[in-house]
Amino acid sequence: MNLPPGFRFFPTDEELVVHFLQRKASLLPCHPDVIPDLDLYPYDPWDLPGKALGEGRQWYFYSRKTQERVTSNGYWGSMGIDEPIFTSSTHKKVGIKKYLTFYLGDSQTNWIMQEYSLPDSSSSSRSSKRSSRGSSHKPDYSKWVICRVYEQNCSEEEDDDGIELSCLDEVFLSLDDLDEVSLP
Amino acid sequence: MSESMSISVNGQSQVPPGFRFHPTEEELLQYYLRKKVNSIKIDLDVIRDVDLNKLEPWDIQEICKIGTTPQNDWYFFSHKDKKYPTGTRTNRATTAGFWKATGRDKIIYSNGRRIGMRKTLVFYKGRAPHGQKSDWIMHEYRLEDNIISLEDVTVHEVVGIIGEASQDEGWVVCRIFKKKNLQKTLNSPIGGASLSGGGDTARTSSSSHFFNDDSLEQFLELMGRSCKEELNLDPFMKLPNLESPNSQTFNHNCHVSSPDTNHGVQVSNVIDTSFVTSWSALDRLVASQLNGPISYSIAAVDESQVDQDHLVLPSLRSPYPILNRSGSYHDGLSQEHPAEMELWNTTTSSLSSSPDPFCHVSNGSG
Chain A
1 MNLPPGFRFF PTDEELVVHF LQRKASLLPC HPDVIPDLDL YPYDPWDLPG KALGEGRQWY
61 FYSRKTQERV TSNGYWGSMG IDEPIFTSST HKKVGIKKYL TFYLGDSQTN WIMQEYSLPD
121 SSSSSRSSKR SSRGSSHKPD YSKWVICRVY EQNCSEEEDD DGIELSCLDE VFLSLDDLDE
181 VSLP
Chain B
1 MSESMSISVN GQSQVPPGFR FHPTEEELLQ YYLRKKVNSI KIDLDVIRDV DLNKLEPWDI
61 QEICKIGTTP QNDWYFFSHK DKKYPTGTRT NRATTAGFWK ATGRDKIIYS NGRRIGMRKT
121 LVFYKGRAPH GQKSDWIMHE YRLEDNIISL EDVTVHEVVG IIGEASQDEG WVVCRIFKKK
181 NLQKTLNSPI GGASLSGGGD TARTSSSSHF FNDDSLEQFL ELMGRSCKEE LNLDPFMKLP
241 NLESPNSQTF NHNCHVSSPD TNHGVQVSNV IDTSFVTSWS ALDRLVASQL NGPISYSIAA
301 VDESQVDQDH LVLPSLRSPY PILNRSGSYH DGLSQEHPAE MELWNTTTSS LSSSPDPFCH
361 VSNGSG
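Protein sequences appear in the order of chains A and B. Counting in full-length UniProt numbering, the first sequence runs from 1 upward without gaps. Counting in full-length UniProt numbering, the second sequence runs from 1 upward without gaps.
Just so you know, these hints were derived from the structure itself, not from any lab. All figures in this text were calculated on a predicted structure; none of them were measured in a lab. Misleading hints may appear alongside valid ones.
Stated by the list, open to error - Computed spacing ranges between beta-carbons, pair by pair:
(1) A:PHE86 x B:ARG48: 28 to 38 Å
(2) A:THR90 x B:LYS54: 34 to 44 Å
(3) B:LYS180 x A:TYR103: 47 to 57 Å
(4) B:HIS79 x A:ASP120: 28 to 38 Å
(5) A:GLY105 x B:GLN132: 19 to 29 Å
(6) B:GLU169 x A:ILE81: 43 to 53 Å
(7) B:ASP135 x A:SER107: 39 to 49 Å
(8) A:THR90 x B:ILE40: 37 to 47 Å
(9) A:PHE86 x B:LYS41: 23 to 33 Å
(10) A:ARG64 x B:SER39: 44 to 54 Å
(11) A:ASP39 x B:ASP168: 50 to 60 Å
(12) A:GLU151 x B:LYS41: 46 to 56 Å
Glycine included, C-beta positions come from ideal geometry on N, C-alpha and C.
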């Protein structure tokens, strides 16, 4: 992809679902075809570089819906957060974002996965049930998900690429107010 | 997949879905601004020129759109316009308000080398000094003009640098955005954030945990500037408050000689070279102070002429010592300030008492 310096893959939730997930699920070509399909390969999160699409410290890949997302050395456990995704124009629900956290043995890590899926109703749930019974080996394209994986750390808020004010700037900003008050 | 990735930015543009213009500070400075300053054509016109005096932030938001995707920040080049022909102050007033600098400039590093500075400004509606603070923030990036290292510019750029006339250093690259939630950030633990390890060193490797070195660099910058301005005795110079009540509260060990190990060898080289000129600059400054009239006093400066944009230390206009003010906001800061104060106070005590003002400072830097 020949983009000038500074362009990065920072999709909105809506873009991920509408442009990438819906098209993948309907077997339409994704353009640009940047997100690789890792299916259910049991990669640990630190093995994703080079395999998933990496941008900043986030990794994107297609996978399949699964009850147990087990990797070589651990597993992804649900955080119990399901976030609906709406289109900005019509406010129609187009997807669901689930949060998972990575466990190494019994211990929780800082690795987070956001799993984007299409709402069940959008694809015919009857047909997906039929295929999940396994009578046919046809892949069930309504069960694609997009995973976004990143490591959450305390520096994330202070990820000072300038998009936000640093804490220090905030303090100085509030000092400006004090200055005005204390002026004679 | 690259064949049809045409991006025409002016007007209707086609940025592929999911992609945003989200440059690092390094890209802004080293790629975009460096080309702009040297009048080298930038392949894609993603960053437009904006006359900051003519456009309000909400207008810039419209003009600097890239594509049709939602944006949180907007980028443009701006040419710094001097407020007064002889001064160094920049006029950043618009019809509806003005941009006012806040805090201190941040040093931008690339691979441990200093490449530029970032100034943070806030948009106030109305006219100074009664402006009403808005949520619009601007980061103004400028290339570091003190350090010219030919080794890391390409052949094309050398042409630009040698042909001095073709280099226009008045250009800055700016990013504006709307501040999100002040309260949340103020109440969140600052110390925890600033203590985060240097995990992001591949990008701009300066953040608040380099605070001490920031102070050092600020100090050196002051020295560099005083070299140019010393004879004018510019009342706007960033000198420490000589009457600082904190003067006696810290020991006077000079930490100049211990650059943060995170910066690596390259940076200490930079510091060392700039040191030579900086200290000689200070030397001359002090000489002019000792011999010259005592009337050079910050307190004597006409309040109305003080350019708030260029005051680094809030204590200049405030009855409170820096430490107390910051400390009342968060303990994390009060731990960071002493090192800064040490540095300043070392200078202060040198200026006022020691017959050879530099003996212990110089020793410290060796």
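Identify every previously stated hint that the structure contradicts and give their numbers, smallest first.
-> Violated hints (numbers, rising): 3, 4, 5, 9, 12; every other hint is consistent with the structure.
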